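Colleague: With the hints as constraints, model all of the structure from the sequences given.
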Amino acid sequence: MAEDLVLDTTIRDWVLIPLSVVMVLIGILRYFVSKLIRTFQNPDGKIVKEGQVVIRARNLRSSADFIPPKSFRARRTYYSNEENGILHVPKGQAPNPQAQMFSDPNMAMDMMKKNLSMIIPQTLTFAFVNFFFSGFVAAKIPFPLTQRFRSMLQNGIDLSTVDVSYVSSRSWYFLNLFGLRGLFSLILGEENAMDDTQRMMQMGGFGFDPSKSLGAEKDSLDIVQHDWVLPKFEQRAEAVLRKLAK
Amino acid sequence: MAADGISVQKLNGDFNAPFINAENMQNNMKVINYSRTLMSIVGGIIAGILGFTGLTGFIFYFVVMAVTSVGLAAKAKFSIHSYFEGWNRVLLDGFLAGLMSFVLFWTFAYDIVHIF
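Residue numbers (the UniProt record's numbering), protein chains in the order written: chain F, 1 to 246; chain C, 1 to 116.
Honestly, the hints are just simulated from the structure, not real lab data.
Please read these numbers as outputs of a predicted model, since none were measured by experiment.
Please note that the accuracy of each hint is not assured.
The calculated label-pair distances, taken between Cβ atoms and stated as ranges, are [unchecked claim]:
{"#": "1", "chain 1": "F", "residue 1": "ARG242", "chain 2": "C", "residue 2": "SER79", "range": "18 to 28 angstroms"}
{"#": "2", "chain 1": "F", "residue 1": "LYS49", "chain 2": "C", "residue 2": "GLY54", "range": "51 to 61 angstroms"}
{"#": "3", "chain 1": "F", "residue 1": "ILE223", "chain 2": "C", "residue 2": "ILE49", "range": "20 to 30 angstroms"}
{"#": "4", "chain 1": "F", "residue 1": "GLN147", "chain 2": "C", "residue 2": "ILE59", "range": "34 to 44 angstroms"}
{"#": "5", "chain 1": "C", "residue 1": "LEU55", "chain 2": "F", "residue 2": "SER160", "range": "22 to 32 angstroms"}
{"#": "6", "chain 1": "C", "residue 1": "ALA74", "chain 2": "F", "residue 2": "GLU82", "range": "47 to 57 angstroms"}
C-beta: ideal position from N, C-alpha, C; glycine also.
Modeller: As structure tokens, then:
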């Protein structure tokens, strides 16, 4: 068991390297295909407007200390008073994203396209790898592992006496599938790496509700402690000048 | 290291008004992730060619990551707080994500050079 297996160099030339190259190329192909079929939907004017309002309110909150108390209070009232503040969302008027999604067939179509562009290439690659490269001991991991990893790393060869660190070709496919993500983010740009995780997020959370973020922003604007910094600026300037004079 | 970080405007003084430009911050994080991924892939190939096995390889990974961190800090002229949220970001971000790429390329290079 401890003896090293002697692997034929043709396995390297015709299994290990082609398999890895195919994985990389298919990843690139998938990226461009999904880019092609992605539809650009015009954002709804109302949603954009609400997003801008939230950004303005956030700016006010982060730089609140630089304006006098009176101006701050005036602005806060403009944003968050209970009658016509622009962050205030009347109850019952918030659009229901679920209903919106059913009324808009484009959205469902888009999701289906995204799913398909993820699942189809994976199934195809797996079938391809199974057909051409099944049953080889293709690689050896340079560190020892326990017996538990046998089913993970030696998928496709049923030998219980081979050392666990030897990897079958099918498992090498899986290792590639996970490990190449970093490489893709380098050669295809950041968006590719983020796509998958973002898709998962969207499936879980089902979009976000703009009225909710308005409400949250309103709440945090309400609790801002205003503390005007201009009176303290003299001391700050003094400190800076002293430092310079030294 | 490929792209330049942009300074996030931050006034620090005796009053608490941190003023962070979120977009620049995000760009800096992207730069960190980019350099970490690149370093883990390059490090993996180097480890494989040199024929490290077992624990040595993982120690090599730690060394590579430490070198990357020092490089990033040097790029920020060691004034971490004007570019990033803190030391944690520079030292730990993208550490585990890089490990997977490292192991893959380590195995790949090791197999090609030493096994067959």
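Colleague: Each hint needs a verdict: does it hold in this structure or not?
Modeller: Outcome of the hint check:
For the pair ARG242 of chain F and SER79 of chain C, the supplied restraint of 18 to 28 angstroms holds, since their beta-carbon distance comes to about 21 angstroms. Checked against the given bound of 51 to 61 angstroms, the beta carbons of LYS49 of chain F and GLY54 of chain C, roughly 59 angstroms apart, stay inside it. Against the hinted window of 20 to 30 angstroms, the Cβ-Cβ separation of ILE223 of chain F and ILE49 of chain C comes to about 58 angstroms, which falls outside the hint. Under the hint 34 to 44 angstroms, the C-beta atoms of GLN147 of chain F and ILE59 of chain C, about 25 angstroms apart, miss the expected range.
At roughly 26 angstroms, the beta carbons of LEU55 of chain C and SER160 of chain F sit within the given window of 22 to 32 angstroms. For the hinted restraint 47 to 57 angstroms between ALA74 of chain C and GLU82 of chain F, the CB-CB distance of approximately 53 angstroms keeps it satisfied.
Violation of the numbered hints given earlier is confined to hints 3 and 4; the remaining hints are satisfied by the structure.
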